[in-house]
Structures are given as structure tokens and as C-alpha cells.
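Starting from the given sequences, assemble the full structure and let the hints guide the process.
Heads up: the sequence lines are chains A and B, in that order. Take 0 as the starting number for the first sequence in numbering that gives the first Met the number 0 and just add one per residue. Take 0 as the starting number for the second sequence in numbering that gives the first Met the number 0 and just add one per residue.
Among the hints, a few may not be true.
Simulated restraints on C-beta separations [said to hold, decoys possible]:
id	chain 1	residue 1	chain 2	residue 2	range
1	A	Gly255	B	Glu100	20 to 30 angstroms
2	B	Gly72	A	Ile237	47 to 57 angstroms
3	B	Leu123	A	Pro27	25 to 35 angstroms
4	B	Asp5	A	Thr210	12 to 22 angstroms
5	A	Ala126	B	Asp5	37 to 47 angstroms
6	A	Glu28	B	Ala96	44 to 54 angstroms
7	A	Pro27	B	His3	49 to 59 angstroms
8	A	Arg252	B	Leu123	18 to 28 angstroms
9	B	Glu62	A	Thr122	23 to 33 angstroms
10	B	Ser76	A	Glu28	24 to 34 angstroms
To be clear about the criterion: a stretch of chain A counts as covered by chain B if any three or more of its residues have a C-beta under 8 angstroms from a C-beta of chain B, and this derived list gives those stretches [claimed, not checked]:
id	stretch
11	171 to 184
12	188 to 198
No lab work stands behind these hints: they were computed from the structure. Glycine is no exception: its CB is placed at the ideal position from the N, C-alpha and C atoms.
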Amino acid sequence: MSALLDTSALGKRYRRTWALRDCTLTIPEPSIVGIAGPNGAGKSTLLGLAVGLLEPTEGAVTVCGRDPRRDPAALADIGYVAQGAPLYRGFTVGEMLDFARISNPRWDQPLATELLARSSSATQVSALSPGERAHLALALALGKRPALLLLDEPFARLDPLASRELLRLLMEGAAEIGSAVVVATRVLTDIERVCERVVLLGHGHVGLDGTVEELLASHRLLTGARRPLGRIRGVEEIVRERSSGRQLTLLVRTNGPVADPTWSVEQIGLEELLLAYMAPEELPSPQPPEPSRLRWHG
Amino acid sequence: MQFHLDQRSGLPMYLQIVQQVKEALRLGLLDIGDQLPTVREVVAELAINPNTVAKAYRELEREGLVDARQGRGTFVSSTLIASSLEHHESLRRALLAWLAEAQRAGLDAESIHALVSRTLREALDRRAA
Numbered sequence: 000m001s002a003l004l005d006t007s008a009l010g011k012r013y014r015r016t017w018a019l020r021d022c023t024l025t026i027p028e029p030s031i032v033g034i035a036g037p038n039g040a041g042k043s044t045l046l047g048l049a050v051g052l053l054e055p056t057e058g059a060v061t062v063c064g065r066d067p068r069r070d071p072a073a074l075a076d077i078g079y080v081a082q083g084a085p086l087y088r089g090f091t092v093g094e095m096l097d098f099a100r101i102s103n104p105r106w107d108q109p110l111a112t113e114l115l116a117r118s119s120s121a122t123q124v125s126a127l128s129p130g131e132r133a134h135l136a137l138a139l140a141l142g143k144r145p146a147l148l149l150l151d152e153p154f155a156r157l158d159p160l161a162s163r164e165l166l167r168l169l170m171e172g173a174a175e176i177g178s179a180v181v182v183a184t185r186v187l188t189d190i191e192r193v194c195e196r197v198v199l200l201g202h203g204h205v206g207l208d209g210t211v212e213e214l215l216a217s218h219r220l221l222t223g224a225r226r227p228l229g230r231i232r233g234v235e236e237i238v239r240e241r242s243s244g245r246q247l248t249l250l251v252r253t254n255g256p257v258a259d260p261t262w263s264v265e266q267i268g269l270e271e272l273l274l275a276y277m278a279p280e281e282l283p284s285p286q287p288p289e290p291s292r293l294r295w296h297g
Numbered sequence: 000m001q002f003h004l005d006q007r008s009g010l011p012m013y014l015q016i017v018q019q020v021k022e023a024l025r026l027g028l029l030d031i032g033d034q035l036p037t038v039r040e041v042v043a044e045l046a047i048n049p050n051t052v053a054k055a056y057r058e059l060e061r062e063g064l065v066d067a068r069q070g071r072g073t074f075v076s077s078t079l080i081a082s083s084l085e086h087h088e089s090l091r092r093a094l095l096a097w098l099a100e101a102q103r104a105g106l107d108a109e110s111i112h113a114l115v116s117r118t119l120r121e122a123l124d125r126r127a128a
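As C-alpha cells, this is what we get:
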């Protein structure tokens with residue numbers, strides 16, 4: 000069976016700028032995958048390429064083994080909700096449902112109706128709150144019963160309650176359909192509780208890719224006295240180094256237990272881990288001012 | 000039964016579900032033949048990944064505590080009431096002896112607590128891996 004999503008050395012260039020480059024990813028089976036990264040990292044570009052809205056500059060992308068730009072049949076397998084959940088503002092909820100039913104061959108009306116049980120079908124789309132609109136857009140995407148569901152910043156404009164409601168709908172839909180879900184988001188905390196795998200994009204490149212379990216198991220925060228750093232048993236790589244006063248804090252990737260008693264070893268949360276990979280060089284360790292060199296300005 | 004999850008506990012969510020089912024089995028809140036909530040029910044209540052619930056149920060099945068019946072749901076097939084209570088007293092005595100040793104070594108209540116929770120977490124991590 001072909002992968003739900005497969006990209007190989009995928010790249011997209013706008014004039015002279017590469018929005019995405021050398022992106023190789025495979026989602027072999029239904030799972031929830033978070034695409035994290037700051038603004039301009041290439042998240043939307045990756046989704047646009049997967050759904051066939053953008054033409055790759057280099058490399059290839061397939062969904063369920065089909066090229067979304069060459070093979071229109073591929074589109075039936077893809078559910079996509081763009082940023083801001085764009086819908087026809089002049090339609091009512093019921094008309095949006097009718098439109099989706101007519102335009103999608105595998106449309107599941109009972110499922111869509113069930114997921115939208117709480118909205119009145121006579122309501123005009125333009126009168127919906129951001130949360131209701133996101134809910135409708137997601138229910139319409141789920142009603143297609145896609146093999147692959149792509150969501151671009153679905154939680155961006157929602158308050159915490161609406162975010163949780165949308166997440167609940169997303170998970171219920173995923174449980175019902177068994178599709179793979181790819182969520183592009185700047186704020187990983189929105190999907191941390193459901194995410195099985197994280198792909199971190201930075202400057203158009205894949206910076207980190209792994210299951211959440213692997214990533215959390217293979218990283219530790221070490222705190223100890225400041226010292227010249229040699230090899231530490233169990234440490235594969237130092238991702239980030241910070242010092243303050245006499246204390247040194249290292250975020251490390253491990254290849255075994257760190258048993259050295261001079262280090263206190265702590266687990267690290269997913270959000271902090273990703274932030275460290277996003278900008279290790281942009282967060283310099285604050286050097287403590289030495290009293291003799293303190294100068295007053297102004 | 001209803002599950003509740005603590006995202007900051009450091010314990011993987013599927014293990015939290017496993018532990019809560021076991022806790023209910025120990026307390027007699029679940030009995031042989033009782034049905035666990037369906038994956039979709041748990042997902043709709045907690046807004047978590049369906050695979051997390053499925054993984055927890057698989058783990059419970061692997062430990063012989065529940066049976067998954069195709070198309071019908073997951074049912075309790077064993078109870079933990081007797082097996083756990085009879086061991087409590089001897090485990091408690093061993094723990095008291097260990098605590099006395101820790102105190103002799105100069106650990107205060109806070110350090111003991113930190114050591115226990117860290118070791119427990121690491122042991123569960125290893126089991127999960």
C-alpha cells in the first residue's frame with residue numbers, strides 16, 4: 000500500500016527565495032502529525048504542495064500514491080482547511096452542506112450532519128463566530144472521508160474553549176474515519192495532547208522529525224556547576240547550552256542514561272524542546288556582568 | 000467509567016488511562032464483564048488521539064485484564080482486587096525499612112519524595128520504551 004503522504008526532496012521557490020527545500024517525509028499510516036515552525040518556515044507551502052494548489056519547483060509529492068496536480072482522483076483522498084477556514088460567506092450552513100454533498104463523490108451526509116448537530120442549517124456563514132466557522136469548515140472536510148486531512152493553523156484565531164472544542168471534533172472525526180491528520184501550527188501546545196509525531200520546519204528545511212515519544216525520551220535537561228565541557232557519558236549532542244552565574248544548563252540529545260551524579264537530570268516538555276531547536280543561536284546565554292566591569296550609562 | 004488526564008504529570012497519556020483502569024479494578028469499581036467506554040466515546044470526552052486510547056486498551060489486553068471483542072467493544076476479563084491487597088502489607092513493610100535507611104543516609108522528606116518520583120518515572124519510561 001502506498002503512503003498516505005510522501006514527499007521526496009520536495010522544494011518550492013518563489014523568485015529567488017526557497018520557501019521549502021529538500022523536504023523528504025513519509026506518513027505511512029493514519030496518525031496525527033504536527034508541522035511546527037515559526038512564521039515563514041514553509042508550513043503552508045508544504046500543505047499547498049500536498050493538496051496540489053502549488054507546483055513543486057523540484058522533487059515530488061504524492062498522496063496515496065497519486066500526484067495531486069496530475070491526477071484529479073487524488074483530490075478525493077485529501078481534506079484541506081486553509082488558514083482562516085475560508086467559506087462562502089453568502090451561503091447558509093445548510094447550503095454549504097448541499098454544496099459539499101454535490102461536489103464530493105464519497106460524501107458522508109450522516110457523518111457531516113452528526114458532526115454539525117449543534118449548528119442551525121439556516122444560519123448565514125457570515126454570521127458565524129470564528130469558532131463556529133472553524134467547526135463548519137472542519138466538518139465539511141471530514142464529510143469527504145479523506146485518507147489525509149490537512150489543516151493550516153486551525154486554532155490561530157480561536158479562544159481556548161473554541162480550540163478545545165475544535166480539537167474534540169477533529170479527534171472524533173479521526174476516530175470515525177481513520178484518516179491521517181496533518182496540522183500546521185506555530186503554537187504546538189494546541190495539539191500537543193494529540194500529536195504522535197512532530198516535524199519541525201525552519202527556513203524551509205526539516206529541522207527535526209520524530210515521534211513525540213522518541214523525542215521526549217531522547218532529550219534531557221542537565222543542570223550542574225559551570226565547568227569546561229568534555230564528553231558526558233550518555234550524551235550524543237548538546238543542543239543548547241546556557242549558563243548563569245555558577246550554573247550551567249544543557250539541553251542534550253542522549254544515547255543512553257546520563258548517570259553522572261554531578262548533573263541533575265530532568266525531563267523536558269515538547270514545547271521547550273522545539274523552541275530550543277527553532278532558535279539555538281538566537282537565544283544567547285546571558286553572561287553575568289562582572290562587578291569590576293560594571294559601567295553606568297546615561 | 001470516566002478518565003481524567005494530567006498533561007503535566009510526565010506520564011504518557013496512554014499509561015494514565017492504563018493506570019486509571021487498574022485503579023478502578025483494584026477498587027472494585029470495574030468488574031468482570033463490564034464494558035470500557037469505546038474509543039470514540041473517550042476521544043469525544045477528552046479530545047485526545049484515538050490511537051492513544053487504542054494503545055492503552057491494547058496494553059490492558061496484553062496484561063490479560065481486558066478482552067477486545069471485534070465490533071462489540073472492550074470488556075473487563077480479570078480483576079485486581081485480591082492480587083494487589085494481599086501484597087500490600089509486605090510491600091509496606093519493605094518500604095518502611097527502606098525509608099528508615101534513607102533517613103539514616105540523611106535524606107529529608109522532600110529529597111525522598113524527589114528520589115522516589117524520579118525513579119518511578121524512569122522505571123515507567125523504561126517499561127514504556
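Q: Tell me, in ascending order, the numbers of any earlier hints that this structure violates.
A: Hint check: 7 and 9 fail, others pass.
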